[in-house]
Amino acid sequence: MRRIEAALRTAVADLNDLGRSFALIGGFAVSARSEPRTTKDVDFAVLVADDEDAEQLAFQLAARGYTVKTTVEQRHTKRLATIRTEAPSGTVVDLLFASSGIEPEIVGAATPINILGDLVIPVATIAHLIATKVLARDDRQRPQDRVDLKALLDVASAEALADARAALRLVTTRECARGRDLEADLEQALTELGPESRG
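Here the sequence shown is numbered in the working numbering, starting from 1 and rising by one per residue.
Honestly, I wouldn't trust all of these hints.
Ranges of calculated distance between the beta carbons of each label pair, as one might list FRET restraints [what the hints assert, rightly or not]:
1. Glu35 to Arg178: 24 to 34 angstroms
2. Glu159 to Thr191: 18 to 28 angstroms
3. Asp154 to Phe59: 36 to 46 angstroms
4. Leu119 to Glu187: 32 to 42 angstroms
5. Thr67 to Ala162: 15 to 25 angstroms
6. Pro104 to Asp154: 24 to 34 angstroms
7. Gly108 to Gln56: 33 to 43 angstroms
8. Arg75 to Glu52: 14 to 24 angstroms
9. Arg3 to Thr173: 38 to 48 angstroms
With a straight-line Cα cutoff of 20 angstroms, these simulated DMTMM-like cross-link-like pairs (lysine to aspartate or glutamate) come out [unchecked claim]:
10. Lys150 to Glu183
11. Lys150 to Glu175
12. Lys150 to Asp139
13. Lys78 to Asp50
14. Lys78 to Asp51
15. Lys40 to Asp94
16. Lys78 to Glu175
17. Lys40 to Asp145
18. Lys78 to Glu52
19. Lys40 to Glu5
20. Lys40 to Asp139
21. Lys150 to Asp185
22. Lys78 to Asp94
Note that these hints are calculated values from the structure, not bench results. Cβ coordinates follow ideal geometry from the N, Cα and C atoms, glycine included.
Produce the entire structure from the sequences given, and follow the hints as far as they go.
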């Protein structure tokens, strides 16, 4: 078994053991919802009550052998947005709590998908993955987000696109848009990357 797959299994088991509600996001989720691709890390949106609860989760994972590498604060909301950890296997595991401001919705809407043939876990919807990719997209610093966004737009239904627009409005309402017009960014991505029938 590849190290990244083992890390995913372990992280899912640990989050379940700790009674946490979560959704798979990032590369594994994009692979589950569109075209398979390789990834070097594991990403989860995790439901927490507040920053103290997020810190408690970090301590709980540290007790299981994870090392906290970085913490990121959401600039506008002053919330603990992300904790980057390194699993005992050495794989990076990112936990997002308030990066987009819609983590509760991401977790709440996630649906179970069979990953790796026998691991059924909640995976973020296509709409939420599109929204998070639009938010994160920076073609110079993060070229993979453009590739992922194209893969997601290729399989997105009209309903998923409507849900993605609604999610982006919520990101903006919660002051997590990073100074960008996210709905305009999605429309530009559709023109640039989406199927012609949806342009």
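- Message: Looking only at beta-carbon atoms, does the pair glutamate 35, arginine 178 fall within the given range of 24 to 34 angstroms?
- Response: Holds - the Cβ-Cβ distance for glutamate 35 and arginine 178, about 27 angstroms, lies within 24 to 34 angstroms.
- Message: What's the verdict on lysine 150 and glutamate 183, does the C-alpha distance respect the 20 angstroms limit or exceed it?
- Response: Since the Cα atoms of lysine 150 and glutamate 183 sit roughly 16 angstroms apart, the hinted pair holds (cutoff 20 angstroms).
- Message: For lysine 78 and glutamate 175, compute the direct alpha-carbon distance and say whether it is at most 20 angstroms.
- Response: holds, 10 angstroms
- Satisfaction of hint between aspartate 50 and lysine 78, Cα-Cα up to 20 angstroms: holds, 11 angstroms
- Query: Can the restraint linking lysine 78 and aspartate 51 be considered satisfied, given a maximum Cα separation of 20 angstroms?
  - Reply: The given pair, whose Cα atoms are some 10 angstroms apart, holds under the 20 angstroms limit.
- When you check the alpha-carbon spacing of lysine 40 and aspartate 145, does it fall within 20 angstroms? holds, 14 angstroms
- Message: Between the alpha carbons of lysine 78 and glutamate 52, is the straight-line distance 20 angstroms or under?
- Response: Status holds; Cα separation ~13 angstroms.
- Query: Does the structure keep lysine 150 and aspartate 185 at a Cα separation of 20 angstroms or less?
  - Reply: holds, 13 angstroms
- Message: Does the beta carbon distance between arginine 3 and threonine 173 stay inside 38 to 48 angstroms, or does it fall outside?
- Response: holds, 39 angstroms
- Query: Can the suggested window of 15 to 25 angstroms be confirmed for the beta-carbon pair threonine 67 and alanine 162?
  - Reply: violated, 41 angstroms
- Item | Satisfaction of hint between aspartate 139 and lysine 150, Cα-Cα up to 20 angstroms | At roughly 12 angstroms apart (the allowed maximum being 20 angstroms), aspartate 139 and lysine 150 satisfy the hint.
- Holds or violated: lysine 150 to glutamate 175, with C-alpha atoms at most 20 angstroms apart: violated, 26 angstroms
Hint compliance for this structure: hints 5, 7 and 11 are broken, all remaining hints hold.
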